[in-house]
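Undergrad: Line by line, the protein sequences give chains Y and X. To convert, note that position 31 of the first sequence is 30 in numbering that gives the first Met the number 0; the numbers rise steadily by one, no gaps. To convert, note that position 131 of the second sequence is 130 in numbering that gives the first Met the number 0; the numbers rise steadily by one, no gaps.
None of these hints come from the bench; they were simulated from the model. One thing to keep in mind: the hints can contain errors.
Each computed EDC-like pair below joins lysine to aspartate or glutamate, with the alpha-carbon atoms no more than 16 Å apart [claimed, not checked]: (1) 305(X) / 304(Y); (2) 35(Y) / 304(Y); (3) 393(Y) / 361(Y); (4) 305(X) / 390(Y); (5) 380(Y) / 316(X); (6) 305(X) / 376(Y); (7) 313(X) / 354(Y); (8) 375(Y) / 354(Y); (9) 375(Y) / 201(X); (10) 368(Y) / 296(X); (11) 305(X) / 383(Y); (12) 393(Y) / 353(Y); (13) 305(X) / 354(Y); (14) 313(X) / 376(Y).
Chain X regions said to be covered by chain Y (calculated; three or more residues, Cβ under 8 Å) [what the hints assert, rightly or not]: (15) 58 to 72; (16) 294 to 304.
Predicted model only: the values in this text are computed from it and were never measured. Backbone N, C-alpha and C define an ideal beta-carbon position, used for all residues, glycine too.
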Amino acid sequence: MATQTTKQPDVVTSVEVIDGHALRIPMFQLLDKDGKPHEGVTLPEIDKDLALKMFSTMQFIRVLDERMIAAQRQGRISFYLSSLGEEAASIGSAAALKFDDMIMGQYREQGSLAFRGFTIKQFMNQLFSNAEDLGKGRQMPVHYGCADLNFMTISSPLGTQIPQATGYAYGQKHEDSGLCTLVYFGEGAASEGDFHAGLNMASVLKVPAIFFCRNNGYAISTPISEQLAGDGIAPRGVGYGMKTIRVDGNDILAVYAATQEARRLAVEENEPVLIEAMSYRMAGHSTSDDPTGYRTRDEEQAWRDKCPLKRFRNYLLSKGWINEEDADAQQQEVKEAVLAALKEAEKVPVPHIDEIINDVYDTPTEQLKEQLEQLKEHVRKYPDAYPKTSEGVK
Amino acid sequence: MAKMNLLQAINSALDVAMAKNDKVTVFGEDVGHFGGVFRATSGLQEKYGRSRCFNTPLVEQGIIGFANGLASQGGLPVAEIQFGDYIFPAFDQIVNETAKFRYRSGNEFDVGGLTIRTPYGGGIHGGHYHSQSPEAYFAHTPGLKIVIPRNPYEAKGLLLSAIFDPNPVLFMEPKRMYRAAVGEVPEEEYTIPLGKAEVVKEGSDITLVGWGAQIEVIEKAAELAEKDGVSCEIIDLRSILPWDADTVAESVMKTGRLVISQEAPHTMAFGSEVAATIQEKAFLYLESPIARVSGLDTPYPLAHEKEYMADHLKTYEAIKRSLNY
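Please model the complete structure; the sequences and the hints are all you need to start from.
TA: The following block contains the structure:
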């Protein structure tokens, strides 16, 4: 039988108004902006191999983002979404998970996917919508997905993945898998109804899910001050009766430690956790907007000084795990590898026209087969009008 | 008159409406200082203040729920949904609330002041979620009006009618034409009636029907057909709910043939309604089956966008098949 478990409130005899800002949630930080650990802190146990993997992934993503923004400007790809400035949030959190944990991204978490092992070639194939893209060239650039790497394919509509994460995690719990689901979203997407639905259901159903909000200050042009009036996203977790952590999203060690604790709570205690990672979107929302139209250079510079990559690099240098020369050389190598992969991927043709009707259902319907046949006949008649696929229908 | 593209014409309509009536407000994601992701609302916040043109939080169901409330209070809200593909969280507010507000209350309350603007359609490398043509979902909802302009002149006149129409209107803007379509547009107020189709071009051999960006496609197809000596009559429906069946039927009674060209996936697209109605109204005049040229019955693809689309060549082939039936 269901029971009414809401605690009976204490009684007061005069009107008691709780201030909307009564709950102030502090931000967990281990490294200062120069990469120096705060006095007396306990750093997470990260061995050299893992630290270097996290660092090289950050370097790779920085290079990939910068290169692909340029490629879009050159007209080589149609669109790009960068994660500049937010690399620590995605890579630090992915590093704290088990490989078999599910990750559901929004679209600014290429760092997590790279950490899981998505190759430069796989990135490029998706960005160029070519025949080797796992998504068969169907979605816009950056809508990655990879079942082998437990990374759910990205969907553009905002926040839809949040209640899905609750459902996925419920399945993981039901199977007693010892696994969890981590779902990313931005502070803008947290305004969507799906955010409320997903977090409330997770709390009620006690699922092993980690709701990872990248609070980067902007939803396209809309600053957080026009998005919400409360103290960010974190206090909402408390409203759902959910364990909540606010972390410096530009401090990869703090992100790692926070996610590690969230994972423990999720998997060992079936407690969903909300993490709010405070960061800044250094680039535009996408290559389709120009941030100079809605924010100041000074504001950008202030955040550039808190660069997560520089911070972690300084930490590793001080630890003696990297030296300047090797780090620079590695970055140069990555640049060359990215450029080579780009050149290769843009030569690969688009998927065969037959792919257009696959995966609408498990097998194409008779109607779809008929539509495909008509389409192929049409393309054969006008091969010059459909140059990307006409070769394949001869 | 001034040369305007479709975005400028929308902006001009909003400007005229806001200047005319203080109750007109414009809101949605990024529409404030930034002027919207397509810049349709550029300069309006500066001109009319933040209380009349403002950013909302990122929540489509909230935007339309808020707009319903504001309209029921007597306002004239013009709510923007950034892409038609993102309108679905607001589906409940539109279908169950906007459309039924008047009917369910016995006309005690209504949201007739509401206009919802949203860009729709493909051809911009937008993949699944920046390309769809979802008009048919809404055309299945009594109580809504649905308007889709084809060019800047039409856009301004129809939008002004929509804003001041005493019924809620879903105004769908062909984003492919935003900057591509340029034409002469009066700077002052003018209106074009809702629910009335326009014969864009007169002809005698075949009737071609479409709406929005598809009119450009149809015109290109007609040019090809004219070279074969075929005289095409082109009709822009302008409104698909309510729609002007009489103008189409009258044309088909003259030409005996009908091709409907539409961007949306084939099955249950609005062309199905046109075909069914016209065979009822003009059955004995038809000399060949009514043909529909549509998108494929698949999600809107990226790499195969060109192949997917109901383009001018597919429309031209349909014209030929109809004539050679």
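Undergrad: Give a verdict on every hint.
TA: Structure-based check of each hint:
1. 305(X) / 304(Y): Violated. Residue 305(X) to residue 304(Y) sits at ~45 Å, over the 16 Å cutoff.
2. 35(Y) / 304(Y): holds (14 Å)
3. 393(Y) / 361(Y): The hint is violated at about 27 Å.
4. 305(X) / 390(Y): holds (15 Å)
5. 380(Y) / 316(X): Within the cut-off at roughly 10 Å; holds.
6. 305(X) / 376(Y): Given that 16 Å is the threshold and the Cα spacing comes to 15 Å, the pair holds.
7. 313(X) / 354(Y): Answer violated: residue 313(X) to residue 354(Y) is near 20 Å, above 16 Å.
8. 375(Y) / 354(Y): holds (12 Å)
9. 375(Y) / 201(X): Between residue 375(Y) and residue 201(X) the Cα gap is close to 33 Å, so the pair fails against 16 Å, i.e. violated.
10. 368(Y) / 296(X): holds (10 Å)
11. 305(X) / 383(Y): holds (12 Å)
12. 393(Y) / 353(Y): Answer holds: residue 393(Y) to residue 353(Y) is near 13 Å, not above 16 Å.
13. 305(X) / 354(Y): The given pair, whose Cα atoms are some 14 Å apart, holds under the 16 Å limit.
14. 313(X) / 376(Y): Roughly 11 Å between the alpha carbons, so the hint for residue 313(X) and residue 376(Y) holds.
15. 58 to 72: That given contact holds, which follows from 4 residues of the segment 58 to 72 of chain X lying within Cβ reach (below 8 Å) of chain Y.
16. 294 to 304: Held - the segment 294 to 304 of chain X has 8 residues with a Cβ nearer than 8 Å to chain Y, which meets the minimum of three.
Checked against the numbered hints listed earlier, the structure breaks hints 1, 3, 7, 9; every other hint is satisfied.
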